[in-house]
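Enquirer: Residue numbers (my numbering), protein chains in the order written: chain A, 1 to 304; chain B, 1001 to 1358.
Since the hints were derived computationally from the structure, they do not count as laboratory data.
Quantities reported herein were computed from a predicted structural model and do not represent experimental measurements.
Among these hints, one or two may not hold up.
To be verified - Using 25 Å as the maximum straight-line C-alpha spacing, the simulated PhoX-like pairs for lysine-lysine come out as follows:
| id | chain 1 | residue 1 | chain 2 | residue 2 |
| --- | --- | --- | --- | --- |
| 1 | A | K95 | B | K1076 |
| 2 | A | K275 | B | K1347 |
| 3 | B | K1211 | A | K275 |
| 4 | A | K186 | B | K1132 |
One letter stands for each residue in the lines below.
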Amino acid sequence: EMAASPPLPSKPFFLAPPSKDGEQIVLKVHPLVVFSILDHYKRRDPKQEHVIGILMGEVNITPQGKEYQIKNCFQQESMEHKGGGLIFDVNYYQKMATLQKKLNPKESVIGWYATDTQLDIISYEVYSIIRKNFVEPVHLVVDASLRDSRLSVDGYAVKKMGFGGKARLCQFGRVKTELTASEAAKIALGAVTTGGTDSERKSPFTPATMLSEMENLTYSLRELLHLLDTVSEYVDQVVAGKERSTPEIGSAIKDALAAIPRIDMEMFTRMFNQKTENMLMILYLTNIIRTQVTLTNRIYEVLD
Amino acid sequence: MESKTHPGVQEVQVDGLALLQIIKHCNESKGGATADGQLLGLEANGKLEVTNAFPTAENKADYDEFIKEMMQLLDKVNVDNNTVGWYRSAFIGEWITSNTIRVQYEFQNAIPESVVLVYDPHTTTKGNLGLKAYRLSSHFMAFYKKKDWSHINFARHKIDSGDIFEEIPMKVHNSHLIHAFLYEMQEQDGFSCEFDRLDLGGDAPFEANLKIMSNSIDELIQDQGKFKSSQKGVKRVRDQIQHQLAAVQQQMASIQQQKATVEEQLRKVREQKKEEETNGNEISKEEKLTKSKEEMEGKEEWLKKSKEELLKKPLPYLPRLDAYLTSHKIGHYSAKVKTMIGENMAKMFEIDALNSEL
Chain A
1 EMAASPPLPS KPFFLAPPSK DGEQIVLKVH PLVVFSILDH YKRRDPKQEH
51 VIGILMGEVN ITPQGKEYQI KNCFQQESME HKGGGLIFDV NYYQKMATLQ
101 KKLNPKESVI GWYATDTQLD IISYEVYSII RKNFVEPVHL VVDASLRDSR
151 LSVDGYAVKK MGFGGKARLC QFGRVKTELT ASEAAKIALG AVTTGGTDSE
201 RKSPFTPATM LSEMENLTYS LRELLHLLDT VSEYVDQVVA GKERSTPEIG
251 SAIKDALAAI PRIDMEMFTR MFNQKTENML MILYLTNIIR TQVTLTNRIY
301 EVLD
Chain B
1001 MESKTHPGVQ EVQVDGLALL QIIKHCNESK GGATADGQLL GLEANGKLEV
1051 TNAFPTAENK ADYDEFIKEM MQLLDKVNVD NNTVGWYRSA FIGEWITSNT
1101 IRVQYEFQNA IPESVVLVYD PHTTTKGNLG LKAYRLSSHF MAFYKKKDWS
1151 HINFARHKID SGDIFEEIPM KVHNSHLIHA FLYEMQEQDG FSCEFDRLDL
1201 GGDAPFEANL KIMSNSIDEL IQDQGKFKSS QKGVKRVRDQ IQHQLAAVQQ
1251 QMASIQQQKA TVEEQLRKVR EQKKEEETNG NEISKEEKLT KSKEEMEGKE
1301 EWLKKSKEEL LKKPLPYLPR LDAYLTSHKI GHYSAKVKTM IGENMAKMFE
1351 IDALNSEL
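Please model the complete structure; the sequences and the hints are all you need to start from.
Expert: Here is the structure:
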């Protein structure tokens, strides 16, 4: 087995050699996972520099290879390893894994995460612990130290190399990592970033109020207007000869304009009136219903 | 909005993490079943911060064990393990049920600042997030304790159907690291849903809403019918009680009369005793008379007691809580319909404006 030969430490930027078709590994990370990791990092013991935890999710087989959907994760109580680096308590791991399995039977342990960008022998030990539950765990590194002004999220898989049919050493190779989210999650994130009117929010970091639907609509319209302005400005510049344009941009603008449906004015007015009438009728009905119900309730108060 | 329940908590601050967890759980729950779970966090400076959330396990049997274990494990990694409320998924106003009230009441009793977050997976489309925080008003909490659901009690406490739940303003909060991540994410394509909102939609949401409202109205009408018949029942019971009271009164009057006659006789016998010598007959007569007097007093006592009981007997009033909840639901749905109408009208006029430009 692998215990005989310790792995060579590999630098994070080493790109794994292109694997055969059908063996490509792709990691799809949901924002919840990253949020949780960052939250864990924020809450850690001040003495610890990094945190470690377990990834949960599903593995799908696609024509290109394996796709790991990382949907959930949980924190691990970490301990300092004698050789430096982090390892975790196996008891805690098993207890938490069973609890999580009860909550989400469809998800299973598929890997682990760390905020430490160093991949070394300790990572290998973690890898072997997890391998007991799952054959090919992957490793996610979230760089919370914000090196190079970037919060990078990278995924690694273990590549075994060797000859003579026996794997002799293994390396952590980087794999393609993408961020993906369900529609509801995207909306939630949108609400988080854009919430609050300009007057109330002094900085993007104050808590965002949940905007009402009308305010959201205003925001969207303003964005649309902004986009239209940018494009028309660009076109003016090109016509005035101050900027060059490319055929791609030109055809994109043409497509956008062509997508506007041409409706004959009379039909449009009819449609508009019909819709408005419907809305007003519903409004009237609703008001009547509410008044009636309130009245009924009041009558009960007077009875007896 | 001044909160009447817990003067300390004026707003709820939800962490992005908790928000995503709730959304994930509710979206993944099968079909129409409601998903619910616990909220963890802490209360500080009038704000209730919700920092984490986890779902209720499917198996309710060993749920307590589960919670204990979960809290222990979470504590080891420095996650807040105070329960501050619960969350549930629901379609627009369907969460207004007596079950929700019962659970929220128990929560609020144990932890005064707890809230219920209601997440609506159906409204969270096209750029609108359907998440609201509610709490039972203190008015209603005091009323709920009495468990008297008659309409008289409702009127006495002046509970209006809108009074039951109060909404608490909600904010979403994230740490700086998470903001860094959000900036990274925004650079990626496909993560913005700004322009989904401009979709006109169809009449389908209106139809669904109106259908639910008409169902609720049917319920109310049924309830009115029940109320009428229960009022008849109440009248019947009241008449019965009146009859019985009258009978008791009569009996008491006759007994008092008898008592008076016996007392007269007793007095006469005692007088005779004083004048003549003591005679055996007279003594036994005296004893008999005293005995019958005591008997009558006993009967009088018993009659008095039964009269009290009759007066105290509870009248079979119809429990009104469900009717109130239904009217509250109707109010909710009508508010929702109005917002939708407002949006749609705005979009229509905007299209009109654009069209006239072209």
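Enquirer: With a cut-off of 25 Å on the C-alpha distance, tell me whether K95(A) and K1076(B) pass.
Expert: Distance of about 13 Å is within 25 Å: holds.
Enquirer: Between K1211(B) and K275(A), is the straight-line Cα distance small enough, at 25 Å or below?
Expert: holds (19 Å)
Enquirer: Keeping to a limit of 25 Å between CA atoms, is the pair of K275(A) and K1347(B) held or broken?
Expert: holds (11 Å)
Enquirer: Are the Cα atoms of K186(A) and K1132(B) separated by 25 Å or less?
Expert: holds (18 Å)
Checked against the numbered hints given earlier, this structure breaks none of them.
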